[in-house]
Amino acid sequence: MVRDEAQLYTIEGLTAGVIMLLTAFLVLGTTTVYMPGDVHIADMQLEQLGSDALAMMDTPDADGAESELARYVRTVNASGFDTAFTGCLADATGTTLGVDDIQYEAVVYHRKEATGEIRNFTLASSSSFGGRDHVGREPSVTVTRWVFIDYDPPAVMWENYAGIPAVNRPDVGPNARKQMVLLEVLLWRG
Amino acid sequence: MKNEDGILSVDFLAGFTIFILALILVINFVPGILIGINSEGIDYDAVAYRTAVILVEDPGAPEVWEQTDNDHKDQIYRLGLALSPQSPGVLSRYKISKFFNEPAYFDFTVDEYERKVIFADMPYAPYAYNISLAIDGASSLSKGSPVPEYSYGYIRRLVKVKEGSSAVIDMTYLDMANPGFTTGRMNATAGNFTQNTSFTVQFDYDELIDLSLADAYRIDPRRDPVTITIDNFPASIGNTSDVQNITFTNVRFFKTGLEIPMNYSEWNNNSYRLYDMKEGTATWIPHTLNDTFVVYDIDPGILNTSRFKLEFNPAMPYSGNKDVIFGINFAFAYNFTNSTHAEGHRYIEGVFPYDYANANQPALRPGVLEVAIW
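Chains as they are written, first to last, in my numbering: chain A, 1 to 190; chain B, 1 to 374.
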């Protein structure tokens, strides 16, 4: 036989229901749910901007001329690359109020003719020009571009290579040649 | 005897009802977790990105939509600013002018921008937009509403802009070696007399439309504006006491040596425009191709012409046919005074080839395009 003794009095039941409602409302109302899609949108915008900047720097002013980007890579011109690249990133029409503080690190990957090894050196980074290092916690994106170094003597090849550690230096002297190198730029906000 | 006792007490029912109500309300909160996906604002960034891709990487449909006349703008299906499908990121200056209606021509409505660029013609997805473009640091061109302070989708694209080509024929260098361009000489003749002369600017389309050059670097009269400027015209006059006056007679178009019959009296500002500028002023005065006006007079009280300018909007006449050599003939009448000179009376004539050696194809200019959608 079912006992007809209640376990909760009505007023307690009502109170329990109200408490559940309030709890659920507080929990769901205060939590900021950061969907993965939002992160991807911010990443996509930064990646597109970086890709456009490299593409525009690699577009020559005249047919057959050396592009600005190829010249900076060929002469290992960090300051020139920094000025041009950050100038592109900061360019805007002025119709929006957004403020960007984009940092970067640009690395060139090249192949050694004698050994076939792939070596790399840092072309430029924002930390060298008043910016900040990437400490690892900032979400970042990578943009890459193949750059054709059309070495045509007497043009100077790898003009400022002395600052690059010897093991990572690109081929100079008799092994200097036309080659494709990979420029990889890490971008992050902060 | 039958047991009529109930199984459920009233208290239980009341409590269970309250519990179920609470559970229902909590479950109704769950879809709110997915609010980022359900709200209509989730696709603002996607629409902004898509719009920027259409503007920056697509030439539009038809590909030369900018040459459509205003009466047939309904035949434009998609507005893109790219020079060609082979040159994404390089924009046509002429398309930019038509898109932003500067100078005024198409004047697309908000509805037309929504259908041809934003593709927001669905009633349940009305979008507001702002499209802006700044070229080489100049003040930006803009279409759409002012951007709100927050809650909008956004994309920024970096571009290059190809300007139209131009040639400046500087009369200061008339005596120097100038290929195809000479000064005429004639023996002095007693008495005042008039010499009719002309010089021609020639377009060899086969030479200009060089497909081995990329679109961004080609002088292409089919797609890009062409400007011819005759500068420092008074420098072409040798001895100023030798000339009573010089009259600009007309401009005529020639197709491979034959004059093109057309109405030269109409000032066609959709295809070409002729101007002159007087010395000491900075104002271009428009003319029809049949206008006759004095460009030089020995009377110091009359303002002389310092410069001429002829602008062509694409496509230049017959530029679709690479076999055509198109000539623009500038005709003058020189009224010489009754004087004699050992070097003879001087006037201009000859042919000036508009080619890659003489014409200037400006370097690509950097630009930035921003699209905001809300």
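Hints are computed from structural coordinates only; laboratory data are not their basis.
Heads up, some of the hints might be wrong.
Covered stretches of chain A, going by a simulated chain B footprint (3 or more residues, C-beta under 8 Å) [as the list claims (entries may be wrong)]: (1) 82-92; (2) 111-122; (3) 139-147.
Across the chosen pairs, the derived CB separations fall in these ranges [to be verified]: (4) Asn-28(B) / Ile-11(A): 21 to 27 Å; (5) Glu-12(A) / Ile-27(B): 50 to 56 Å; (6) Lys-255(B) / Tyr-161(A): 54 to 60 Å; (7) Asp-231(B) / Asn-168(A): 51 to 57 Å; (8) Arg-189(A) / Leu-25(B): 36 to 42 Å; (9) Leu-25(B) / Ile-11(A): 56 to 62 Å; (10) Tyr-151(A) / Asn-358(B): 29 to 35 Å; (11) Asp-136(B) / Gly-136(A): 56 to 62 Å; (12) Asp-150(A) / Asp-136(B): 57 to 63 Å; (13) Asn-358(B) / Thr-83(A): 55 to 61 Å; (14) Asp-210(B) / Pro-153(A): 52 to 58 Å; (15) Glu-149(B) / Thr-83(A): 28 to 34 Å.
We put the CB at the ideal spot given by N, CA and C, even for glycine.
Hints and how they fare:
| no. | hint | result |
| --- | --- | --- |
| 1 | 82-92 | holds (count 3) |
| 2 | 111-122 | violated (count 0) |
| 3 | 139-147 | violated (count 0) |
| 4 | Asn-28(B) / Ile-11(A): 21 to 27 Å | holds (25 Å) |
| 5 | Glu-12(A) / Ile-27(B): 50 to 56 Å | violated (23 Å) |
| 6 | Lys-255(B) / Tyr-161(A): 54 to 60 Å | holds (58 Å) |
| 7 | Asp-231(B) / Asn-168(A): 51 to 57 Å | holds (54 Å) |
| 8 | Arg-189(A) / Leu-25(B): 36 to 42 Å | holds (40 Å) |
| 9 | Leu-25(B) / Ile-11(A): 56 to 62 Å | violated (19 Å) |
| 10 | Tyr-151(A) / Asn-358(B): 29 to 35 Å | holds (33 Å) |
| 11 | Asp-136(B) / Gly-136(A): 56 to 62 Å | violated (38 Å) |
| 12 | Asp-150(A) / Asp-136(B): 57 to 63 Å | violated (27 Å) |
| 13 | Asn-358(B) / Thr-83(A): 55 to 61 Å | violated (35 Å) |
| 14 | Asp-210(B) / Pro-153(A): 52 to 58 Å | violated (28 Å) |
| 15 | Glu-149(B) / Thr-83(A): 28 to 34 Å | holds (32 Å) |
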